[in-house]
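Colleague: Kindly produce the complete structure, drawing on both the sequences and the hints.
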Amino acid sequence: MTTPFQALRPRLPQHEDHEETTQFPSSPHDAPISTSKLAYKSFTALTTPRKLILLISFLLGISLTTMLKHESLLWLLASKTGTTPMVGYGQGAPFDYPGLRFDVQDRKFQITVFSDLHLADQARPEGSDNQTIAVMNKVLDAEPGTDLVVLNGDLISCEWVGPESVNSTIDKIIDPLLARKLPFTATFGNHDMSKTCDTRAVAQHMREKASVLATGHREVTWTRNAVQGKYEDVGTSNYYIPVYSASGGGNPNLSMVLWFFDSRGGNKYQPGGEDEGVGDWVGDEVVSWFTLQRNFLLSQNNNIPIPSLAFVHIPPSVTAAFQKSGLRTEATEPGLNEETINTQAEGIKGGDHKFLQALIDTEGLMAVFSGHDHRIDWCMKYSRTHPIPTFQPPVAKNGMHLCFNRHTGYGGYSDYERGGRHIVVDEDDLITSLHASHPRQQPPGETQQRKEKEGGGGGLQMWIRLESGHVSGNVSLNASYGVDEYEVVGRGKTFLGGGGVEVDLSSSSSLAPSPSYISSSAGYASRVSRSRSSTPTPPTTTTTTTTTTSATGTPESTPIPTEVHDASGVVAVSRSLPSANSASSPLSSSLLVMRWWILVFL
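Going by the UniProt record's numbering, the sequence shown opens with residue 1, and the numbers climb by one from there.
Note that these hints are calculated values from the structure, not bench results.
As the structure is a computational prediction, the values presented were derived from the model and not from experiment.
Virtual Cβ for every residue (Gly too), placed ideally from N, Cα, C.
Please note: incorrect hints may appear among the correct ones.
Computed Cβ-Cβ distance ranges for the label pairs, DEER-style [what the hints assert, rightly or not]:
| # | residue 1 | residue 2 | range |
| --- | --- | --- | --- |
| 1 | E208 | D504 | 36 to 44 Å |
| 2 | T385 | P163 | 47 to 55 Å |
| 3 | D504 | D361 | 22 to 30 Å |
Modeller: Right, dumping it as structure tokens:
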């Protein structure tokens, strides 16, 4: 039977004497040839100059692609010669929100915090401003590993400053930082917000002044407003800074987030008008922004908590409750405790509870740093194992620390020796904590040995660096903080008189300056040409270690979306950073280069 398909086939005429189709002799061109043989024959057929060009192009393609994929090798080589980039982020990937980076040599990130500088305070002796800047320089000389300077509020006593003098006063603070090419950022305090000082204008001036150094994707300062709302309702300094991993080359993962909040206070900006007070707590709009942004970043991080620190000028109200409770001791929470703490929303029922609740709901938040109270500089733990009377304890694993900074300025009240808080975050400790709390997130084949520190292991290492070079309150904010015992701090004072600074260190800390932190010319060198001669070693202190509980889990970084900000506020841009593995392979890139050379020269 003939099928329909057979019926459609053309029929050839049939002949009885039909012979087989003539077979022609095979040709060498008909023989199959492999791709490699074809490439070899094509290459050998080229003239010698063209062979050299093609070979160089191939090798160059492999070299360039390998360097881009493994950019950390370049970072290591650069850092060995003292040329670590000032702000480390990827030449291999665009960053919508340029951030900072853990040091590629020691895998640490170091922050120096100056608080309550109170420049232009005419109630203090003449020369106070110059002495305040001298304190900053002495502290930075002693801490040459500083990666970021945080100015944590009350930069100026604006009640003494006219609108025309605000920028020049701010320049006294930031010029020494720019001279060192040190990244810096700020929160604003109640004395920065007055009828003659507009903190949004101050933030814009900071960015414009620093823009000379902000080449390409580099940022030198981040102070800005990321929250829409009225000036008196949200303030200015509400934003975050991502801190990226030391590893990963040009496409590093996120390792930590630094949050900044404006606790407002002071008065509305209205030159020539009357003083009109502003609420002195983090506004509800800011809390909503923080909650939404935090949750969004968390969702982009596979719901793995992101290690973070927070900075706000006026402390949360739980700190005053802790002081009043009598739970603090000189040995377990060492530091100055020479006044009654003034907090956010003082005397207003529930004034800052939304903000505090948002903080304790943030898993991975390690510590919150504040100023405002010049005679306080201790840290406290707030967790289920360290509850505070009248305050709801944080949920499991969401314990955090709250710390006060040392009064830096010769402006403002208090004559206790000035200084700054120095914070050291070890990226390996963050990774170790992640593996302990999220074992499935451990990269295949990667093992991290926990670095045991005095007092339990892991955690944040920090101390107060005084203007004399001495160290006060060297502690480790780890799982056992609040139980470990430390040396009682000294209470030396300094006074600015007609003959200069008069020192009364009869009750000061007995700790001598650490040799690795003595003034060095490296402190003045730029971050581009500055290298760390050695891994920072915390100043020695005596600690009694007791039984510890498991550390709060903190995650390793993964790519997250970021934002682009302009001078007027925030422009939302949601985009994940590309993975380091998404780059083309060296071979494919080399083939592309080879193909280009062939088209041009052949």
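Colleague: Compare the structure with each hint and give your call.
Modeller: Verification of the hints:
1. A hinted range of 36 to 44 Å holds for the C-beta pair E208 and D504, which are about 42 Å apart.
2. Between T385 and P163, the C-beta spacing of about 50 Å keeps the proposed range 47 to 55 Å intact.
3. Against the hinted window of 22 to 30 Å, the Cβ-Cβ separation of D504 and D361 comes to about 45 Å, which falls outside the hint.
Violation of the numbered hints given earlier is confined to hint 3; every other hint is satisfied by the structure.
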